[in-house]
Amino acid sequence: MSKNLRFILGFALSMFAAASAQFPKAVVDPASAERGAKLYGSNCARCHGDDARGTTAGPDMIRSEAVLRDRREALHGRDLGPLLRTIPQHNFKFSDKENADLSQFLTLSINKILRSGYNDQPTNLLSGDAKAGEAYFNGAGGCSRCHSPTGNLAGVGKKYTTAALQQKFLFPGSGIRGATKLLVTVKLHDGKTYSGDVVRIDDFNVTLRSSDGISHSFSRTPGTVVTVVHPFAAHEALLDQYTDADIHNLTAYLDTLK
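For the sequence shown, the positions run -21 to -1, 1 to 237 when mature numbering (1 follows the signal peptide of the UniProt record, and there is no 0) is used.
In case anyone wonders, no lab produced these hints; they're calculated from the structure.
Everything numeric in this text was worked out from a predicted model, so none of it was measured.
Note that CB positions come from ideal geometry on N, CA and C, so glycine has one too.
It is possible that part of the hints are untrue.
Think about it this way: if two alpha-carbon atoms lie no more than 25 Å apart in a straight line, the pair counts; the simulated DSS-like pairs of lysine-lysine are [unchecked claim]:
| # | residue 1 | residue 2 |
| --- | --- | --- |
| 1 | K17 | K110 |
| 2 | K160 | K171 |
| 3 | K110 | K137 |
| 4 | K17 | K72 |
| 5 | K138 | K17 |
| 6 | K138 | K237 |
| 7 | K91 | K76 |
| 8 | K237 | K137 |
Beta-carbon label-pair distances, calculated as ranges [said to hold, decoys possible]:
| # | residue 1 | residue 2 | range |
| --- | --- | --- | --- |
| 9 | D75 | A212 | 36 to 42 Å |
| 10 | T65 | N131 | 36 to 42 Å |
| 11 | S174 | P201 | 18 to 24 Å |
| 12 | K72 | S123 | 50 to 56 Å |
| 13 | P61 | G192 | 25 to 31 Å |
| 14 | N117 | L161 | 26 to 32 Å |
| 15 | K110 | V178 | 23 to 29 Å |
| 16 | T140 | S190 | 39 to 45 Å |
With the hints as constraints, model all of the structure from the sequences given.
As structure tokens, this is what we get:
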């Protein structure tokens, strides 16, 4: 199972698990999205790819926190536009209408890659084998090194819906902002390295606070290497190892922990 597909699955489930008032449906105006596609094609595609999934010259817009927030909160480019104007390598000056059209195109692009379309309820999340999931938990998955069904996971199957439960172990840091201290190292083109606590980070910029209390900001231009260390690194590593069966089996097992 590819990392892109796992991301899509996790993102879709996070949408399912959230309350409808918090994550309204992303309705697309076809005419606006068509105009946005032309705008994107002439200004953005050469760096971010025709499908908005990124190239070596620009990041994946489908995964962009700013784009995802714009979509789920129905901002119609209100935050995206000002952000584009502040990025040095962009300096775009789109009108409010153009920002809205670009937002609609990106929203449509995200909607298209959702595994089962945009629905309110997930299906078949408990199709796995709970016994096999328990074996994976205690064996190949390595989950038992940090978690215990009678300790920090006691009652987890009762605490969360099945969709939210699956989202939690696939992407445990999703939806958490500022709750966990992240450390970042930035290596510049000239070899200089800066390390410290993350103040702000997105697809285009990173700001860190070094041990002397000084803040440093950098643009994530090609050649700048950004390395983030956080407590969910082990979960991220598993994204390259899970099979579909592992995910469903583990979900079935965790759901039994009532």
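Pairwise hint evaluation, K76 against K91, where the allowed Cα distance is 25 Å at most:
This hinted pair holds, its Cα atoms lying about 23 Å apart.
If you draw a straight line from the CA of K160 to the CA of K171, is it 25 Å or shorter?
The given pair, whose Cα atoms are some 23 Å apart, holds under the 25 Å limit.
Is the straight-line distance between the alpha-carbon of K110 and that of K137 25 Å or less?
18 Å, holds
Are K237 and K137 close enough, with their CA atoms no more than 25 Å apart?
5 Å, holds
Are K17 and K72 close enough, with their CA atoms no more than 25 Å apart?
16 Å, holds
Pairwise beta carbon distance, D75 to A212, judged against the given window 36 to 42 Å:
About 40 Å separates the Cβ atoms of D75 and A212, which means 36 to 42 Å holds.
Hint check for S123 and K72 - Cβ pair distance inside 50 to 56 Å
Distance hint for K72, S123 holds at roughly 54 Å.
Given the hint of 26 to 32 Å, check if N117 and L161 actually sit that far apart at their C-beta atoms.
29 Å, holds
Evaluate the given range 18 to 24 Å for the C-beta pair formed by S174 and P201.
21 Å, holds
For the pair we were handed, K17 and K110, check the Cα-Cα distance against 25 Å.
51 Å, violated
Between the alpha carbons of K138 and K17, is the straight-line distance 25 Å or under?
46 Å, violated
Quick one, are K138 and K237 close enough, alpha carbons at most 25 Å?
Between K138 and K237 the Cα gap is close to 8 Å, so the pair holds against 25 Å.
The earlier numbered hints that this structure contradicts are 1, 5 and 15.
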